Amino acid sequence: MSAIALLFLVLGLGLIGWLTARVRATRFRAGSTVRFSSLPSHHGWFVALWTAVPPLIFLVIWSMTSPALVTDTVLSTPAAMQLPPPGFDRASILSEARSLAEGRSFGAFHGLSRTLAPSYAAAQTRYDWIATALALLLAFAGGAFAFTRVKPGFGARTQVERVVMLMLLGASLIAILTTVGIVASLLYESARFFHVVPITDFLFGTHWSPQVIDGRDPGASLGAVPLFWGTFFIGAVIAMIVAIPFGLMSAIYLTQYAAPTTRKWMKPILEMLAGVPTVVYGYFAALTVAPAVRDFAVSIGISWASSESALAAGLVMGIMIIPFVSSMADDSIAAVPSSMRDGSLAMGATSSETIRRVLLPAALPGVVGGVLLAVSRAIGETMIVVMAASGVATLTLNPFASTTTVTKQIVDLLTGEAEFDSPKTLAAFALGLTLFVVTLLLNIVALRVVKRYREAYE
Amino acid sequence: MTKSLKMPILKMTARNVSVAYGSKIAINNVSIDVDQDEVVAFIGPSGCGKSTFLRTLNRMNDTVASARVTGEIKLDGQDIYSPDMDVVQLRARVGMVFQKPNPFPKSIYENVAYGPRIHGLAGAKADLDRIVEKSLRRAGLWDEVKDRLSDSGTALSGGQQQRLCIARAIAVDPEVILMDEPCSALDPIATAKIEELIHELRGRYAMVIVTHNMQQAARVSQKTAFFHLGSLVEYGNTSDIFTNPREERTKDYITGRYG
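Line by line, the protein sequences give chains A and B. For the first sequence, position 290 (counting from the first letter as 1) is numbered 276 according to our numbering, and the numbering increases by one without interruption. For the second sequence, position 171 (counting from the first letter as 1) is numbered 454 according to our numbering, and the numbering increases by one without interruption.
For the record, the hints were derived by calculation from the structure and aren't laboratory data. A few of these clues could be false.
Stated by the list, open to error - Pairs of lysine-lysine, DSS-like flavour, derived with a Cα cap of 27 Å: (1) B:Lys383 <-> B:Lys408; (2) A:Lys437 <-> B:Lys383; (3) B:Lys389 <-> A:Lys437; (4) B:Lys389 <-> B:Lys417; (5) B:Lys417 <-> B:Lys429; (6) B:Lys429 <-> B:Lys476; (7) B:Lys383 <-> B:Lys476; (8) B:Lys408 <-> B:Lys389; (9) B:Lys307 <-> A:Lys250.
Stated by the list, open to error - From chain A, some residues computed to sit far from chain B (all C-beta separations above 12 Å): (10) Arg90; (11) Gln110; (12) His181.
As the structure is a computational prediction, the values presented were derived from the model and not from experiment. All residues carry an ideal CB built from backbone N, CA and C; glycine is no exception.
Let the hints inform the model, and build the full structure from the sequences given.
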């Protein structure tokens, strides 16, 4: 039986369980004056969950383990004795036999896979039947067990509540486990990298040229300082020079000066900037801003200006971040109690004096927190720099020169042909780990700052 | 000197003042005089418009976009709603203390120095020091804070914060001080200190105080205005209002029948 049919069958049994339990619960409620703890539908859900959930869990586990069982069975057949020893050939013959057995392909490259295919098909069928039988058995057993408990005094309501809680817990654990898994794989690959390249070479080396790596001393050409500097320069310096003043000023205008009607149409338009896909910013940076910046640089006499300048990428990144800074600043300014503002106005201060001397100092921690979050976003931003920044790592202070960033290098290292165990490829994981740690720290600091500030006014 | 004893000088006059928020009328046709050396108390049940009226006296209602004020309010004979009235100047002359103490999140010194700085009242640091000390002394706070002027104003107790706000208001040497229920967030001891302070400041500044507390009105004011549903029901000497009100509604309110 196919997996889909089995799935529907199990769900169908669940539905039947729901209906019968409900009917039964309705019946014992009828004519009774006692107050019951559970509604008929709770009994229904209780039985339905007992019917459907165990077989579903079983099927999930089964689908992960059965391919190995099937392969084991095939390997124990006499034909499998002719297989080459474990290695690439063996694996490809087996996977070919499996495709043949499942009818996904018809031609075979290895003769042996043709001989193995029938036993594959047989094993597969046998295990499918076992799975179906076990699933149905579980469904009936669970359903029957639950059905016997449908009695007037049974608290199906609290049982169902507990299952709901467990499901929600499971959902949140999946997100956490995924994060843990990602971090673990980053750590593992990075550890492999640092096995080959000393961590000090990577963190403090100033020469980055992953395309030409000296096999005897790979660390010499994998010094990431130019990347860190480029990332910092583009994301935390140039982008913030654009984003902080404009974001802050627009927040001040929107919270303090704009009439409610103006605010009503202006704020969504500003926030639309945040909804523009970063790839579009990438075009904009690469096709419009970068040439303009170069032409400008040439016109003021910097003839060697790069068309992949740090300035172009940073400017566009800054524009992208404006709504972010603006909305964080907006929140912080709005969180300053209006009594502060009134107090200052009542002293005869003008609006701008009130903002400069009272509101901004009071909102400063929140604004700083927002800016830190914005920085962490900017340095993790990829698309703009992939399209607009250069691939050449230079350690420069000149905004018209070409620089590269961590994210851009990760993309470069992992695209194209690469072996998965060369220092060059593994360097991408080390860079990813560094970026992850830095943005994580920035986020923690920023959120703490913002939180402490919120508490001060509550 | 002898002349002013008998002839009170009118500081502020309001004639036929009405205030509307959008289409809702909050104050209807109120006329009141405030004398130079008097404390005037506004009393009345919640929502009667007494705070709204107080805020028209230094144009704090300007910050509410939907508020519309009609009628005439004069400070020393000058219409404060006329186009040539500078709001900044007006608020320097008519200071305000709010219901909840609202010191700025700055040091005690900076809180008091705020007004003198924005109005350019002090040239040198020494001048500013003198103004800060004088204001804090007048507000009865100097002895408590003189050794920690650089501490944050928000770290003081509620009553001290409110006296700091009074010091902040008098630092710009206003002519009138408006107080919007200045003691409603304070405990009885802090309240007593503020009331004592109002007594001491009387004569130096004209004062208008909104209060929920009728005993407080009786204790600190010379004149009392009773507001109800946006109208001024009765305005007269405090002693008359509390012992011999002309209006039935006033009598009911001060004897606790409603409000």
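task: Give me the numbers of the hints this structure contradicts, sorted from smallest to largest.
output: As far as the earlier hints go, only 1 is violated by this structure.
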